[in-house]
Amino acid sequence: MPFTDLVAENRVHRRVYVSPVVLDAERERIFGGSWLYVGHDSQIPAAGDYFCTEVAGRPVFMIRHGSGEVHVLHNHCPHRGALVAGGRTGNARMLRCCYHGWTFQVDGRLQAIPCMESYEGSEVRIGDPRFDLKPLQSAVYRGFVFATLNDDAPALATWLNQAAAVLDNMTERAPDGELEIAGGCFRTVQRNNWKVYLENLHDGMHPKFVHQSSLRASDRVSRGEEPDAGSNAALRMHIIAANDQDFEQMNALTVDCFGAGHSTMRGFRNPRSDDLVAREYEEALVARRGVAEADRILSLNYHNANIYPNLSVHPSFMQLRVIFPVSVDRTLVEIWTLRLKGAGDAFNRRNILYANTVHSPSSIIKVDDLEAYRRVQAGNAGGTEWVSQHARDRTASGDATGSALSEHYIRHQYRAWRLYMEGHRS
Amino acid sequence: MMLVRDPSLQADLTPSLRERLALLLHDESEQLDTGRFDDWLALFTPDCVYWMPLSPGQPDALDHVSLFYEDRLAMRLRIERLRHPRAHSLKDLIRTSRCGATPVAEKIDESTGDLVITRRFQMVEYHRDRTRLFAGVYTYQIADFRDDPRIRLKRVDLVDSAAPFEAIETFI
Numbered sequence: 001m002p003f004t005d006l007v008a009e010n011r012v013h014r015r016v017y018v019s020p021v022v023l024d025a026e027r028e029r030i031f032g033g034s035w036l037y038v039g040h041d042s043q044i045p046a047a048g049d050y051f052c053t054e055v056a057g058r059p060v061f062m063i064r065h066g067s068g069e070v071h072v073l074h075n076h077c078p079h080r081g082a083l084v085a086g087g088r089t090g091n092a093r094m095l096r097c098c099y100h101g102w103t104f105q106v107d108g109r110l111q112a113i114p115c116m117e118s119y120e121g122s123e124v125r126i127g128d129p130r131f132d133l134k135p136l137q138s139a140v141y142r143g144f145v146f147a148t149l150n151d152d153a154p155a156l157a158t159w160l161n162q163a164a165a166v167l168d169n170m171t172e173r174a175p176d177g178e179l180e181i182a183g184g185c186f187r188t189v190q191r192n193n194w195k196v197y198l199e200n201l202h203d204g205m206h207p208k209f210v211h212q213s214s215l216r217a218s219d220r221v222s223r224g225e226e227p228d229a230g231s232n233a234a235l236r237m238h239i240i241a242a243n244d245q246d247f248e249q250m251n252a253l254t255v256d257c258f259g260a261g262h263s264t265m266r267g268f269r270n271p272r273s274d275d276l277v278a279r280e281y282e283e284a285l286v287a288r289r290g291v292a293e294a295d296r297i298l299s300l301n302y303h304n305a306n307i308y309p310n311l312s313v314h315p316s317f318m319q320l321r322v323i324f325p326v327s328v329d330r331t332l333v334e335i336w337t338l339r340l341k342g343a344g345d346a347f348n349r350r351n352i353l354y355a356n357t358v359h360s361p362s363s364i365i366k367v368d369d370l371e372a373y374r375r376v377q378a379g380n381a382g383g384t385e386w387v388s389q390h391a392r393d394r395t396a397s398g399d400a401t402g403s404a405l406s407e408h409y410i411r412h413q414y415r416a417w418r419l420y421m422e423g424h425r426s
Numbered sequence: 001m002m003l004v005r006d007p008s009l010q011a012d013l014t015p016s017l018r019e020r021l022a023l024l025l026h027d028e029s030e031q032l033d034t035g036r037f038d039d040w041l042a043l044f045t046p047d048c049v050y051w052m053p054l055s056p057g058q059p060d061a062l063d064h065v066s067l068f069y070e071d072r073l074a075m076r077l078r079i080e081r082l083r084h085p086r087a088h089s090l091k092d093l094i095r096t097s098r099c100g101a102t103p104v105a106e107k108i109d110e111s112t113g114d115l116v117i118t119r120r121f122q123m124v125e126y127h128r129d130r131t132r133l134f135a136g137v138y139t140y141q142i143a144d145f146r147d148d149p150r151i152r153l154k155r156v157d158l159v160d161s162a163a164p165f166e167a168i169e170t171f172i
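Chains A and B, in that order, are what the protein sequence lines are. In terms of the working numbering, the first sequence is residues 1 to 426. In terms of the working numbering, the second sequence is residues 1 to 172.
Bound-form chain B, shown alone (with noise of 0.2 Å):
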């Protein structure tokens, strides 16, 4: 279900916090995959960022640009835009299936104090006649995971995240 690397962080992850860290992971793919924008973004701390990094290895999301690098201001927006009637590509729904591998808590994040859990994870979307693949890793960050975990930020790195591609509509 979940998976600790850092012994010193066993205590901490009591059986029952596993289980309530590894459903926020889970619900944060399924309400995607369902299109219930709104609870996704509720599982999100005001201060959080989605980032998808072009460049593997790529530092920071300042100096280098980024397939997304979105605050919850610029979320809010993909999310409204994907509502839109008028949204012209999305006249043909998109469709995704997340499947994800076993979840790694990895560390507590010095400057946040933030627990961080790392996920391989798998994406199918269909739109328009034609089926895409994205693979990676999820990277999540979780804020006040003791008491009330919150995603701070969630990080994609794609295998192929410096490929050319065409539109990419959806959170991934």
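Chain A extracted, bound-state conformation (with noise of 0.2 Å):
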């Protein structure tokens, strides 16, 4: 069957969940094809810092240059083959390779190899791009740095489409107008396929299904003892009950679908609170925005945009989710917070405490997801044939809008999966 008849107007064949052969054509025409999501230069500030990671499945890595730019290189020996760089982070003023000392300069190209005269009469030469460690192109948007193994795609920020404004955003958000990775990175295994992860998070309806072990707990805690307004145990209880609105909350939120797979979902969380610590952020954003810029910064509430396919963002609170396909059935989420240059201590670390509470392995709203995702996953390994999301807003333009109960952002996603997959470049 060609993958494309996986694929229905309202509904996907399991097929797209568990088959290998689905997963490796996945890898090199969608994570292949596309832009994707690296890492935010504010992890590489000096010249010569450097971060691992990976793009389609390749190893890869950011690297700052002397001139301050940001390079994104295979992390592969032209040699023999082995990790240049390496650990997760480090920093190199030239990279060496630990296996036969082939030597590179930050920009990834061969500087020296030990015992030339072994390669005399050979093609290998110092200054022939065969012998470089290879480049990816890459391009920074507002910090975050994203690359390419498509040559032939669309320039980054036209690609980000609706998805830069809400990177904007985010920026903006920082008194400072920078944001910085800080606080460490959770890395989470999920027992599913990648897109049923994609596919959950604008997903209004499950929560007062599959969170309900986490809501009944806190409405039991919370009838014992109210915590202290503006507390942190007042924050995580809030967070909890989130997951606890009724449909017509729910149906009222708008989730918006653009360009190849992305889509945003407006906040669902007052994001002003009106304690101290909040009107203290804010009041150092109008210091340094003017109020009408402050006023418009914050107003622009989206509670999570997919950045398809591997990141999601989540402005309230700061947090990045990168995803990397493991095998049909597993999947790796790393989770980052980022720092809001110019806010207190007080204000960011209420992102620490939200990444704690919805994002560690442990956390008990997460653990719940996991198990859906996990179900998802057991339950299309065999069964029918077909799985639906026939649920509202069913058009067939490439850009909806719908409600937080519609399953029209996955049917958005499955479009940009059919143009991938049948070999579409972005």
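Just so you know, the hints here were simulated from the structure itself, not pulled from any lab data. Note that the structure is a prediction, hence the values are computed from the model and not measured. Yeah, the Cβ is synthetic: ideal placement off N, Cα and C, and Gly gets one too. Any given hint might turn out to be false.
[As the list claims (entries may be wrong)] To give an idea of the interface, some chain A residues facing chain B are shown, with a C-beta separation under 7 Å as derived from the structure: (1) Gly183; (2) Arg187; (3) Val189; (4) Arg216; (5) Leu332.
Hey, can you piece these two chains together into the complex? The hints should help.
This is the structure we're talking about:
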């Protein structure tokens, strides 16, 4: 069956979640055809700083050049293939392969080969790009570093489409106008296909069912003691209670789809709480941007945005979720927290508390999501052939707006999936 | 039963007090392994913290994410959830078994006057046909350790705290 026959207008064949052949093609055509988030340039502030990760299953690293530019290079020695940049992060004036000492400049150009006489008469020579660390096409948008394996990819800002406005807004929320990755990274292994995760992130139907256990637990606990307003305990309870909104409230939330599988969900929490810490933050923003600008920035209330296929951002609490397919039924998700430069410690610490509450592998909210994903994966391993995405807002348009009770954003993801899998490149 | 690192603590920690403290730590593990969560929580002070750092050497839980950073209220939330009939992932019970090395009374914490005790441990978890191993060091701060010892802090430093994890639903 051709890949595109696995996806119909309002349903998909279960094989998209469980076939290794499909996953291989997705790696090549979707992850290999789109832009992918690599990291944030605050992770490599100084010349020579590097950060190792993967792009479409290939080891890469981003590194800061002396000129300030960020390069994304394949972490693959052209000699015998070893990883050249070691560890997760590091700093190097030059990169020397640990195996036979081939040495590269931070922009990837081959600098030196020990025992060069061994190569006399061969095609190996310094200056031939075939023997450099191969660069990926990369671009930085507001500090967010993306790379692509697709030579024909459109300009990053074009490809980001309306997601660029979300990254703008996140960055502008920092009184100093800059964000930085801070406070560590959760790495969570999910027992589901990578698409199952993306398909849940604007799903306003699931919380009342999936999160019953944490909702009822918080009911029972809060009956005994009401935490002080503005306290960490109150914030934690508020985060849990947000999953208890009724369907009418969820239906009032807007999910916009655009570009190649991207989408945003408007916020359901009031992002402008009125406690001392939030007021201090708003004052800092007003001091830097003026009242009108600060109002404009803070009134844009995105709950989250999916930047298909490997990034979901969560602007109100400054979280990034980076998605790595490991196998058809294993997905690694890295969760990073951004610090708003110019905001007070107490305000930034709320984002750490949010990460702990929602994104830790121990989160009493998340563990029930993980169970739902696991069951979707296990169910789709066999069973009947097709699964449904019929809920609401069934339009043929590629760019659709619907509610958080609608599955239109999933259908939108599969429209992008089809285009990539048919060989369209971004 | 319990070793004492700091010689100045020798006088305070009489054999019977050492026995009492060792039993406290024993019960702390045993009540988790047998699912007696209310009894377990009663071993802690009202201002207690259960902390499992993410990164080795992580200095605090405020500016850095943690695998667990729970006050008493959050601990109660987790306990209530563990009991909830529709905690979907717990349809199959999680069973655990802990084994601890000899505890060591390390020092008095200067800011609180609490006794600091460390103990290496391993915990086997069985859930849905799968067995996982957790290992590392427990650090306890014991409040009012001479008269009415209770746990103010249980800190769990896993050897693999920075590794990718699937769901961790129970206290460790």
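Hint by hint, here is what the structure shows:
{"no.": "1", "hint": "Gly183", "result": "holds (5 Å)"}
{"no.": "2", "hint": "Arg187", "result": "holds (4 Å)"}
{"no.": "3", "hint": "Val189", "result": "holds (5 Å)"}
{"no.": "4", "hint": "Arg216", "result": "holds (6 Å)"}
{"no.": "5", "hint": "Leu332", "result": "holds (6 Å)"}
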